[in-house]
Amino acid sequence: MGHPYYTKEEIAARGQAIYQQRIRPQVEPARDGQYLVINVETGEYEIDADEATVSERAYARHPGAPLYGMRVGRAAWGHIRLVGAEVPR
Amino acid sequence: MIRGHVTPLRQAVIPLQLQGLNGQIETIEAVIDTGFDGSLALPPELVLRLELPFGMTRSLELGDGSHAPFDIHRVTVLWDDQPREVAALVTPGGPLVGMALLRGCRLSVAMVEGGEVLIQPRP
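If you read the protein sequences in the order shown, they are chains A and B. Residue 57 in the working numbering is what sits at position 57 of the first sequence, and the numbering runs on without skipping anything. Residue 80 in the working numbering is what sits at position 80 of the second sequence, and the numbering runs on without skipping anything.
Hints were generated in silico from the structure; no laboratory data involved. A quick note: this is a predicted structure, and the numbers were derived from the prediction, not measured. The reader is advised that the hints may include incorrect statements.
With the C-beta cut set under 8 Å, the calculated list includes, among others, these residues of chain A facing chain B [as the list claims (entries may be wrong)]:
hint	residue
1	Tyr5
2	Glu41
3	Val54
4	Ala58
5	Gly69
6	Ala75
7	His79
Selected chain A positions facing chain B (in silico; Cβ < 10 Å) [to be verified]:
hint	residue
8	Met1
9	Pro4
10	Ala17
11	Gly33
12	Ser55
13	Glu56
14	Ala65
15	Leu67
16	Gly73
17	Ile80
Listed next, with one range per pair, are the computed distances between beta-carbon atoms [stated by the list, open to error]:
hint	chain 1	residue 1	chain 2	residue 2	range
18	B	Leu21	A	Ala52	45 to 51 Å
19	B	Ala100	A	Pro29	48 to 54 Å
20	B	Pro121	A	Asp50	17 to 23 Å
21	A	Pro25	B	Glu45	40 to 46 Å
22	B	Glu45	A	Ala52	35 to 41 Å
23	A	Pro4	B	Pro92	18 to 24 Å
24	A	Glu44	B	Gln24	32 to 38 Å
All residues carry an ideal CB built from backbone N, CA and C; glycine is no exception.
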């Protein structure tokens, strides 16, 4: 489950730090709302307005890497409502 | 055309065929969550059983306004008999279908117990 070496919390923390320190000046505000995927080991990233496009590009260019997905100028990639509510089977 | 039904708990569920890493196909029942803007949410045991490869970690906003990181694994869905790779959010509980999977389709629900749920490929 998840990346073999990093927890999702570690990937998110590293990704957010790299974004704040290195990427943010390059992408805000011009690319506000676009989807960003960061390789949290190298600091390289892929960016696109379409989430499927950027995901496919990131998987192809950074196979096996710990990747963090986010949106420029937003706190989250998306929204979900039923998480936390047990969905009966 | 995808057909499902409304459960006694008032959930609109549809059958969905998922393909694992080794080609194995598993049919599951998933609840349609119109507040979920992703494609799929699957429980960890299903992700493990199908050996779905890790994709990335994403932060998502929950219903109470909080944020949390989630693992995304990659899965092939047989959608209207066509294979389609989508992102599956890993989260405990029953499988969920999100609105990204329904893009371009018309969803109709006969909101009575046992009522028909219909997803048509064109709006």
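Outcome of the hint check:
no.: 1; hint: Tyr5; result: violated (11 Å)
no.: 2; hint: Glu41; result: violated (13 Å)
no.: 3; hint: Val54; result: violated (10 Å)
no.: 4; hint: Ala58; result: holds (7 Å)
no.: 5; hint: Gly69; result: holds (4 Å)
no.: 6; hint: Ala75; result: holds (6 Å)
no.: 7; hint: His79; result: holds (5 Å)
no.: 8; hint: Met1; result: holds (5 Å)
no.: 9; hint: Pro4; result: holds (8 Å)
no.: 10; hint: Ala17; result: violated (13 Å)
no.: 11; hint: Gly33; result: violated (14 Å)
no.: 12; hint: Ser55; result: holds (7 Å)
no.: 13; hint: Glu56; result: holds (8 Å)
no.: 14; hint: Ala65; result: holds (9 Å)
no.: 15; hint: Leu67; result: holds (4 Å)
no.: 16; hint: Gly73; result: violated (13 Å)
no.: 17; hint: Ile80; result: holds (5 Å)
no.: 18; hint: B/Leu21 - A/Ala52: 45 to 51 Å; result: violated (20 Å)
no.: 19; hint: B/Ala100 - A/Pro29: 48 to 54 Å; result: violated (26 Å)
no.: 20; hint: B/Pro121 - A/Asp50: 17 to 23 Å; result: holds (21 Å)
no.: 21; hint: A/Pro25 - B/Glu45: 40 to 46 Å; result: holds (43 Å)
no.: 22; hint: B/Glu45 - A/Ala52: 35 to 41 Å; result: violated (26 Å)
no.: 23; hint: A/Pro4 - B/Pro92: 18 to 24 Å; result: holds (21 Å)
no.: 24; hint: A/Glu44 - B/Gln24: 32 to 38 Å; result: holds (34 Å)
The structure fails to meet hints 1, 2, 3, 10, 11, 16, 18, 19, 22 from the earlier list, while all remaining hints are met.
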